[in-house]
Amino acid sequence: MAQSTAVVAGTGDSTGLALRERGHGTGVWRRFRRHRLALIGSTVLLLLAIGAIGAPLIASHDPYAIDLRSYRASPGNGHILGTDSAGRDVFSRLLHAGRVSLSVGLVAVAIYTAIGVALGSLAGFYGGWIDSLVMRLADVFLSFPSLIIIITLASVLGPSIYNVMLAIGLLGWPPIARLLRGELLSLREREFVLGARASGCGGARLIFRHLLPNAIAPVIVAATFGIAYAILIEAGLSFLGLGVQPPTPSWGNMLTDAQSPTVLESMPWLWLPPGVMIAFAVLSINFIGDGLRDALDPYLHHR
Amino acid sequence: MGRYLLRRLIVSVPVLFGITLVTYVIVNMAPGDPVSALINPEQISALGPGWLEEQKHALGLDRPLPIRYVYWLKEVAQGNLGFSYTDRQPIADKMVHRLWPTLKLMLTVQLLALAIAVPIGVLSAVRQYSWLDYLATIFGFTTISIPAFFLGLAAIYVFAVKLRWLPTAGMATVGQPPSLLDSLKHLILPAAVLGLGQAAPLIRYTRSSMLETVRQDYVRVARAKGLTEHAVVYGHALRNALIPLVTVIALNLPQLLGGTVIIEQIFAWPGMGTLAITAVRGRDYPTIMAINLIGAVAIVASNLIADVLYAWIDPRIKYS
Chain A
1 MAQSTAVVAG TGDSTGLALR ERGHGTGVWR RFRRHRLALI GSTVLLLLAI
51 GAIGAPLIAS HDPYAIDLRS YRASPGNGHI LGTDSAGRDV FSRLLHAGRV
101 SLSVGLVAVA IYTAIGVALG SLAGFYGGWI DSLVMRLADV FLSFPSLIII
151 ITLASVLGPS IYNVMLAIGL LGWPPIARLL RGELLSLRER EFVLGARASG
201 CGGARLIFRH LLPNAIAPVI VAATFGIAYA ILIEAGLSFL GLGVQPPTPS
251 WGNMLTDAQS PTVLESMPWL WLPPGVMIAF AVLSINFIGD GLRDALDPYL
301 HHR
Chain B
1001 MGRYLLRRLI VSVPVLFGIT LVTYVIVNMA PGDPVSALIN PEQISALGPG
1051 WLEEQKHALG LDRPLPIRYV YWLKEVAQGN LGFSYTDRQP IADKMVHRLW
1101 PTLKLMLTVQ LLALAIAVPI GVLSAVRQYS WLDYLATIFG FTTISIPAFF
1151 LGLAAIYVFA VKLRWLPTAG MATVGQPPSL LDSLKHLILP AAVLGLGQAA
1201 PLIRYTRSSM LETVRQDYVR VARAKGLTEH AVVYGHALRN ALIPLVTVIA
1251 LNLPQLLGGT VIIEQIFAWP GMGTLAITAV RGRDYPTIMA INLIGAVAIV
1301 ASNLIADVLY AWIDPRIKYS
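For the record, the sequence lines run as chains A and B.
Number 186 in our numbering belongs to position 186 of the first sequence; there are no gaps in the numbering.
Number 1102 in our numbering belongs to position 102 of the second sequence; there are no gaps in the numbering.
These are calculated hints, taken from the structure and not from any lab test.
Don't take each hint at face value.
[To be verified] Using C-beta positions, here's what the derived DEER-type ranges look like:
#, chain 1, residue 1, chain 2, residue 2, range
1, B, LEU1061, A, PRO75, 17 to 27 angstroms
2, B, LEU1309, A, ILE58, 49 to 59 angstroms
3, A, PRO75, B, PRO1014, 56 to 66 angstroms
4, A, GLY128, B, MET1029, 54 to 64 angstroms
5, B, TYR1129, A, SER186, 23 to 33 angstroms
6, B, LEU1061, A, THR43, 35 to 45 angstroms
7, B, LEU1021, A, ASN77, 33 to 43 angstroms
8, A, GLY127, B, LEU1021, 35 to 45 angstroms
9, B, TYR1071, A, PRO75, 16 to 26 angstroms
10, B, TRP1100, A, ASN77, 26 to 36 angstroms
11, B, GLY1060, A, LEU106, 40 to 50 angstroms
12, A, THR43, B, THR1228, 42 to 52 angstroms
13, A, GLY76, B, MET1029, 27 to 37 angstroms
14, A, GLY128, B, PHE1017, 18 to 28 angstroms
[As the list claims (entries may be wrong)] Just so you have them, the derived chain A footprint on chain B, three or more residues with Cβ under 8 angstroms:
#, segment
15, 1103-1115
16, 1174-1184
17, 1194-1201
Computed from a predicted structure; not experimentally measured.
All C-beta atoms, glycine included, are put in the ideal place defined by N, C-alpha and C.
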């Protein structure tokens, strides 16, 4: 019934997602595959993820092992990317930082997507005063200078990896809620919803079984771009010393040292690799998001 | 139009109210209090048991949260943003000094972003799916994917450290009489770094707005009249296609403010951003609240102005 408007085409190309297909589309996966940048992005992200997950196996050194004899050593001599200000191996820290940065992005976006989907469904499904309340609340949160309020929240909660996740997660929900509300407002007038209602379906079951599967595509796209943005925010916060705290490595806090002119001038191995990693991760996720947007909603892009 | 403006203004009031409430609650979630934060913990016992309570009482910190909120709101409504916890200066005075550098930076960034984005966006729409369009897409994605602080550091490394063309920090050279050239030199790097990132969404919107406009009937009429393609695109379509940018610029202000905070920090730009970071590091809550409040008011106001401008520029839009 949720599929009553859906034409699942493209035999065997099931992505496992209940996605809305309009008209004679080929499969989502088939369209995604045609997006060259998205494929490149997926490959790069996969490599980064393997590096992050396999960090304990791949890393040549303990990322926390301090060796003051090799302080800020240049690359070579057993350290592929040299050592940092505490004599720790930069390459090993880079891999372990990937775990931190990628998981902050994922968890933060998971938090705000959950909040956004919950509030957006309530607003879009029930309408009325619930809708007005949620949307005014969204207006309030959207009116904040986002980074400044995240910095404020992160510092109030105390800088740590979990509080960065929380700060981004608690403040990022309004766009998701608005998006879903808009979709639901139009969906709930459709005939298949009327049909479901007529067969005695209501409330939570109607939302979860019939409405959400048909409205979730733009949310997936927004969440994908959101992960990229969250990684950037985490990097910025950690760079400023307000996010993930050393000795735990994150790509952002590995760049903190570069604020010193000596490091910036003569030790590029300390700040170039983490910056490049952030750019690679964020760029590949953005490409994937673009690919998903094309694949999930072919009419949106080719205007 | 007058009624529309009035209604938009009235709708903004609960939003502003909510902003002050959320800010106040967040800031008061902080553990500890400014009195203890200012005092060396080893000396507290030496000052006697009642001292801490006395100080808190003097600052009004022993009252319940809702009452403190109302007091704060009353003062803010009268233009009193309070006093900094760290140096006891009135925050409003500090803000005045910090506002201009930030505005100067943001304005330059916005103009630069438009100067980059409009030609690229128009060209990639006119030559849709050409290599230029493709390149513009990649350029857009790349500039939003490189963290501004990393781009800033790289720019300092290349243009200030290696090439020695531009200064690394501040708004002017210390000990030199202020000159336009000197201040421009200081402005170039931070504005360029932020401008690149801000240009990306503008390119995207210019492109899609342009693509939509050239399919409109009046553009077809212009073509049917026998006008040259150049006259059709740049004389007829372009001006209407650029109208939505007013909204995009307003909606993008939160991002611009966030970018400014980080860029100011890197280039030691003496604006609101550096003040925000200093305040956060020093747990200077009144200053943090004031900055959040000013930022939020600016965003609400710019959205309002964008809506009104939009209605004014584009008479096709009817507001009820």
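Evaluated hints:
no., hint, result
1, B:LEU1061 - A:PRO75: 17 to 27 angstroms, "violated (52 angstroms)"
2, B:LEU1309 - A:ILE58: 49 to 59 angstroms, "holds (54 angstroms)"
3, A:PRO75 - B:PRO1014: 56 to 66 angstroms, "holds (57 angstroms)"
4, A:GLY128 - B:MET1029: 54 to 64 angstroms, "violated (31 angstroms)"
5, B:TYR1129 - A:SER186: 23 to 33 angstroms, "holds (30 angstroms)"
6, B:LEU1061 - A:THR43: 35 to 45 angstroms, "violated (55 angstroms)"
7, B:LEU1021 - A:ASN77: 33 to 43 angstroms, "violated (57 angstroms)"
8, A:GLY127 - B:LEU1021: 35 to 45 angstroms, "violated (25 angstroms)"
9, B:TYR1071 - A:PRO75: 16 to 26 angstroms, "violated (58 angstroms)"
10, B:TRP1100 - A:ASN77: 26 to 36 angstroms, "violated (51 angstroms)"
11, B:GLY1060 - A:LEU106: 40 to 50 angstroms, "holds (42 angstroms)"
12, A:THR43 - B:THR1228: 42 to 52 angstroms, "holds (45 angstroms)"
13, A:GLY76 - B:MET1029: 27 to 37 angstroms, "violated (48 angstroms)"
14, A:GLY128 - B:PHE1017: 18 to 28 angstroms, "holds (21 angstroms)"
15, 1103-1115, "violated (count 0)"
16, 1174-1184, "violated (count 0)"
17, 1194-1201, "violated (count 0)"
Violated hints, in rising order: 1, 4, 6, 7, 8, 9, 10, 13, 15, 16, 17; the structure is consistent with all others.
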